[in-house]
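Residue numbers (this note's numbering), protein chains in the order written: chain B, 1 to 334; chain D, 1 to 334; chain F, 1 to 334; chain Z, 1 to 334.
These are calculated hints, taken from the structure and not from any lab test.
Yeah, the Cβ is synthetic: ideal placement off N, Cα and C, and Gly gets one too.
Please note that the accuracy of each hint is not assured.
[Stated by the list, open to error] If you only want the chain D side, here are some residues facing chain B, beta carbon under 8 Å, derived: (1) ASP24; (2) PRO26; (3) ILE244; (4) SER245; (5) VAL247; (6) PRO249; (7) SER252; (8) LEU254.
There are 4 protein chains.
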Amino acid sequence: MTIRIAVIGTGVMGADHARIVAYDLPGAKLQVVCDMNVERAKSVAEKTGAADVATDAEAVITRPDVDAVVIASPDFTHASLSLACIRAGKPALCEKPLSQSSQECLEVIRAEVAAGRRWVQLGFMRRYDRSYAEMKAALSDGTLGRAIMMHNLHRNVETPAQGFTADMAITNSAPHEFDVARFVLGTEYAAISAFSPAGADGKVGPVFMVVETTRAELVTIEINNNAAYGYDVRGELVGEKGAISMVDPVASRLDLGLRSTTAYAADWRKRYAEAYRLQDKAWLRFVETGEFPAIAASAWDGYCSSLVAEAGVKALAEGRKVTVKMVARPALYA
Amino acid sequence: MTIRIAVIGTGVMGADHARIVAYDLPGAKLQVVCDMNVERAKSVAEKTGAADVATDAEAVITRPDVDAVVIASPDFTHASLSLACIRAGKPALCEKPLSQSSQECLEVIRAEVAAGRRWVQLGFMRRYDRSYAEMKAALSDGTLGRAIMMHNLHRNVETPAQGFTADMAITNSAPHEFDVARFVLGTEYAAISAFSPAGADGKVGPVFMVVETTRAELVTIEINNNAAYGYDVRGELVGEKGAISMVDPVASRLDLGLRSTTAYAADWRKRYAEAYRLQDKAWLRFVETGEFPAIAASAWDGYCSSLVAEAGVKALAEGRKVTVKMVARPALYA
Amino acid sequence: MTIRIAVIGTGVMGADHARIVAYDLPGAKLQVVCDMNVERAKSVAEKTGAADVATDAEAVITRPDVDAVVIASPDFTHASLSLACIRAGKPALCEKPLSQSSQECLEVIRAEVAAGRRWVQLGFMRRYDRSYAEMKAALSDGTLGRAIMMHNLHRNVETPAQGFTADMAITNSAPHEFDVARFVLGTEYAAISAFSPAGADGKVGPVFMVVETTRAELVTIEINNNAAYGYDVRGELVGEKGAISMVDPVASRLDLGLRSTTAYAADWRKRYAEAYRLQDKAWLRFVETGEFPAIAASAWDGYCSSLVAEAGVKALAEGRKVTVKMVARPALYA
Amino acid sequence: MTIRIAVIGTGVMGADHARIVAYDLPGAKLQVVCDMNVERAKSVAEKTGAADVATDAEAVITRPDVDAVVIASPDFTHASLSLACIRAGKPALCEKPLSQSSQECLEVIRAEVAAGRRWVQLGFMRRYDRSYAEMKAALSDGTLGRAIMMHNLHRNVETPAQGFTADMAITNSAPHEFDVARFVLGTEYAAISAFSPAGADGKVGPVFMVVETTRAELVTIEINNNAAYGYDVRGELVGEKGAISMVDPVASRLDLGLRSTTAYAADWRKRYAEAYRLQDKAWLRFVETGEFPAIAASAWDGYCSSLVAEAGVKALAEGRKVTVKMVARPALYA
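Turn these sequences into a full structure, and let the hints steer you where they fit.
Right, here's the structure in full:
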């Protein structure tokens with residue numbers, strides 16, 4: 001049985017998902033690509049051989065020739081389109097964040113709870129990255145003993161947009177770190193502090209966060225969206241007996257002009273290409289079987305990330321530690 | 001149009017190709033797996049959902065419900081099965097070596113020349129590895145200037161079989177190095193010298209080869225099939241202006257017990273999993289379009305590797321440099 | 001002219017300084033080693049060929065056959081012995097900290113100001129480490145642009161003593177980080193926050209500090225005295241244009257048992273052996289010329305480290321950011 | 001007792017030894033620097049505070065106010081000045097090579113044998129480098145099992161002089177590799193093969209040598225004096241159980257412009273500064289005690305290196321393997 005997939009949104013991420021569905025996902029068919037900008041939709045459809053194009057996302061979701069939906073439209077539409085998928089009974093792969101508002105995340109959660117099953121897989125693709133898998137394994141197999149700290153660092157060459165603020169670094173960039181640290185540690189957050197040094201001239205500075213967990217572990221997160229030198233993500237998990245660090249998987253070293261050098265990616269796509277492919281593959285299996293993938297992020301994980309991000313924004317504004325207060329976790333996400 | 005594929009041979013490599021065809025190759029269908037050992041064929045068919053099993057390779061090749069063939073049976077059958085595919089007009093992906101006999105390779109070449117087109121893609125999958133791609137790019141984009149030397153090193157934990165000899169290291173393991181160095185350098189071999197130090201107690205020692213090219217570059221190759229510590233492949237290309245080295249793409253570093261450590265693979269499958277996937281994907285496209293993939297290895301490349309391997313065996317036996325004498329390259333492989 | 005040196009205190013550090021003076025400091029003579037424990041003093045004297053042993057530190061300082069003094073006795077004696085050296089007009093190399101009390105540091109500062117010159121060089125030997133020198137150079141030569149952040153990490157295999165507390169991590173271990181970050185950045189501290197996750201069973205946990213500077217840079221410091229896996233010091237300086245990280249200067253990599261490994265030192269002595277030698281050499285030159293070494297730490301630097309450590313202890317106890325309030329810097333330390 | 005030292009030759013190496021003797025060698029006094037070029041001698045004397053300058057090397061050796069001699073004059077004078085030191089009964093530290101002629105090396109050996117003791121320590125300072133020490137230890141402590149191969153690689157930015165030939169790469173640059181591989185392996189050479197690929201335009205190409213030992217180990221040596229990208233020395237010792245590789249001891253990593261980079265030295269002086277210091281210190285102890293340092297190179301080691309270099313030149317010229325035929329080792333060098 002071939003799964004007919006709609007991709008909603010044809011920006012950078014949507015175009016990437018369309019390409020994966022079209023060329024790297026056996027058992028899937030790219031049925032329709034949808035974008036308010038019909039020209040952009042057509043352009044992606046041409047490159048990927050999509051059967052159809054559309055502009056009305058809600059209508060696409062209810063089409064009978066669409067079995068499942070990838071939501072890669074602008075962030076503010078994620079929650080409402082997820083709700084539409086739940087109403088239509090169509091499994092969705094929703095790009096992060098589910099919503100920047102934790103309240104809106106709760107609406108999605110309530111809809112899934114009411115429906116009695118999960119429909120939404122969230123695009124925290126780092127869970128499918130080999131580095132984090134090896135970290136998680138070093139914890140679960142006892143190599144490291146109990147976790148003590150996790151350090152996370154995310155650097156971009158430059159901010160994704162003009163007018164990017166420190167708050168946006170917390171709500172937009174940091175959720176990947178919030179989610180993956182929760183995922184690796186298997187823990188929940190209790191409190192967050194945030195700091196922001198002066199940036200380069202005319203540019204927003206980094207944000208540095210210290211997050212305390214309910215088990216008294218410490219998670220540090222640096223978000224530096226004007227790092228200039230390259231796209232660089234690092235992580236280190238420190239346990240009782242030792243530590244494990246992410247290694248950027250470079251393929252060659254170049255010796256030239258009195259330097260030995262390795263390359264940084266300019267952005268995240270090359271670094272996480274394999275994680276995206278594996279994530280989308282796991283999601284297709286979820287669509288086929290109805291069984292939520294063991295390591296995928298759910299709507300609940302989306303809520304947790306957004307909630308701590310909200311607390312982080314407050315912590316930065318007020319210059320003090322802010323407590324993270326979660327609602328009770330519904331049994332559906334146990 | 002779905003391509004119906006037969007996989008002949010269900011040893012380690014055949015089982016891997018069957019898995020790739022079944023789960024990672026959009027547009028392909030695993031039609032039949034064939035092995036003289038029917039139980040082994042059935043076992044692989046079960047894991048991969050193959051439509052059918054068979055035991056007679058020649059018969060499988062001519063089946064009307066088979067569009068293309070992966071040849072992963074024992075080495076000595078590669079050439080004759082390739083010839084059968086050419087006769088049947090079925091594109092083949094043949095595991096290396098095409099034949100350990102350069103004369104037999106020439107038979108395949110003559111058959112393709114007679115047929116007026118290439119039917120056989122050879123499984124030198126390293127050409128699809130990112131490390132070699134970056135080396136080749138550093139040469140072709142002028143970063144390194146002209147090539148001067150290439151150092152290659154191949155180490156296994158232990159020999160694949162009892163009774164493995166230094167000659168087998170040259171004819172069985174070294175062809176990957178012979179091919180990939182030719183591929184990266186874009187050159188042909190002129191002469192080879194070979195040396196073999198004493199091995200560990202009761203084990204065959206490494207073979208070290210120095211190969212001179214027609215452009216007076218130097219290619220060194222160490223094959224150490226009893227390296228004990230891990231599966232380790234390295235390469236370094238040295239040019240006029242600088243050098244580029246392969247980096248083993250590890251994903252994490254573990255700090256434990258006064259050591260900082262990264263992992264070696266136990267064998268080649270994890271190290272080259274992505275190269276195999278990309279190679280098989282390129283081959284599927286070759287099946288669909290008839291256009292031979294730009295970087296894939298042809299029957300001619302198989303001949304070149306086998307020829308230099310034969311010279312290497314002679315060089316080792318006689319303790320002297322042996323000249324490599326190639327036939328003229330048919331226009332089909334220009 | 002040979003400089004006759006007294007080493008006071010023959011614990012780990014005192015014994016090391018005695019060895020350096022005896023064997024690696026041309027122009028110096030190890031005149032006397034002094035320890036309340038006369039047997040320990042004798043043992044070190046034997047190993048180093050010291051001319052004499054003594055037990056009364058104050059008396060040693062005033063001996064006419066002693067030109068200069070290395071103070072390596074217990075921490076609480078550093079300030080009073082430094083004052084004795086100032087009174088006697090003898091140049092001192094005082095192990096860190098000058099005092100754990102910033103008030104006591106000020107007494108030493110006032111004595112030097114009254115004397116009209118500096119007599120005390122403080123043993124913050126990391127200033128002589130090549131890694132920090134390269135960081136500082138990358139800042140001063142404009143490579144990195146202006147500094148944004150500096151991350152520092154200090155890990156020991158285990159705490160130096162039973163009953164070691166998080167406060168002691170701040171006052172005893174962190175001063176090296178406080179000083180070297182000030183040294184590299186050329187800045188002063190404005191505020192400090194401190195966090196301490198749960199440690200391994202029955203052991204004190206790490207301390208993580210976020211220090212803000214008067215120029216709105218951010219300095220993070222992890223002190224983990226129960227890291228178990230090795231002695232590990234790291235640093236990263238992040239600027240507007242790029243970043244520079246310390247690399248642990250290992251000399252070999254060992255491939256064994258499916259791992260590629262490098263060694264961690266068990267403690268700081270091997271890691272900083274060369275820094276200690278260069279520091280002591282610079283100090284000897286200070287003794288000879290009266291000219292304070294350009295990069296050495298002064299009593300003022302000792303005060304700055306102790307002051308921020310005191311604020312750090314308070315920040316940890318109160319779970320909030322604490323402001324660092326420095327006295328005006330006397331002209332002597334301009 | 002202070003040892004009064006004469007440094008003969010004030011080129012790069014002589015000036016370095018003069019500096020070490022003057023500033024880093026407790027117990028030594030730089031009594032005289034000697035060079036046929038008196039201006040150069042004066043210049044070095046000024047920088048190092050040498051007591052005297054001279055131009056006649058033989059006369060310097062016999063001066064009563066000279067206790068020991070560093071020979072750093074041009075290569076062709078090494079043997080005759082070493083003989084003069086033996087005649088005068090003055091311990092010498094002779095820069096490598098002892099002589100490019102193995103016959104001339106034998107003259108020095110015969111003179112020492114006649115004198116009944118060793119007077120000459122040869123400046124193969126790599127024996128004092130930490131990387132080789134760790135390799136040797138991994139062999140002697142059983143970590144690696146028995147040795148199988150050693151790979152050595154020596155690259156310079158450019159040839160030291162116009163008219164530098166492949167033969168000179170063998171006789172002038174390779175001796176360091178010949179010696180250090182013998183030192184690490186504790187073996188003797190049996191045969192050598194040599195190859196030389198085409199170099200960069202107008203420049204001499206590298207030389208690649210394969211040396212077989214009397215215990216059937218294999219030593220490979222690449223000498224590339226026009227490597228362009230940096231001064232780079234590598235070594236790898238491969239044993240039955242694993243392998244150990246030299247790591248260039250860098251102190252920092254710089255992230256800039258989409259690359260992560262570490263620095264290469266422009267020449268050998270920084271890379272081996274500590275090895276030179278330790279070597280000269282060991283030699284001073286030899287002068288004081290008459291006891292030849294355990295790991296230092298003797299006249300015999302100088303002979304062994306020159307002998308294999310001569311065979312290497314022949315092997316390259318004749319394009320075939322050349323046997324190395326050593327004289328019997330005198331008991332003095334057992």
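Going by Cβ atoms only, is D:PRO249 closer than 8 Å to chain B? At about 4 Å, which falls below the 8 Å cut-off, the nearest Cβ of chain B leaves the hint on D:PRO249 intact, so it holds.
Tell me if D:VAL247 is really an interface residue toward chain B, meaning its C-beta lies closer than 8 Å to one of theirs. For D:VAL247, the interface hint holds, since the closest Cβ of chain B sits about 5 Å away, which is under 8 Å.
Taking the closest Cβ pair, is D:ILE244 under 8 Å from chain B? holds, 5 Å
A closest beta-carbon separation below 8 Å is what the hint needs, so does D:PRO26 meet it against chain B? holds, 5 Å
Interface hint outcome for D:SER252 [beta carbon to chain B under 8 Å]: Holds. Min distance 4 Å.
Classify the hint on D:ASP24 as holds or violated, based on whether any CB of chain B lies nearer than 8 Å to its CB. holds, 7 Å
Measuring from the C-beta of D:SER245 to each C-beta in chain B, is the shortest one below 8 Å? holds, 5 Å
Hey, does the D:LEU254 contact hint survive, CB to chain B under 8 Å? holds, 5 Å
The structure agrees with every numbered hint stated previously.
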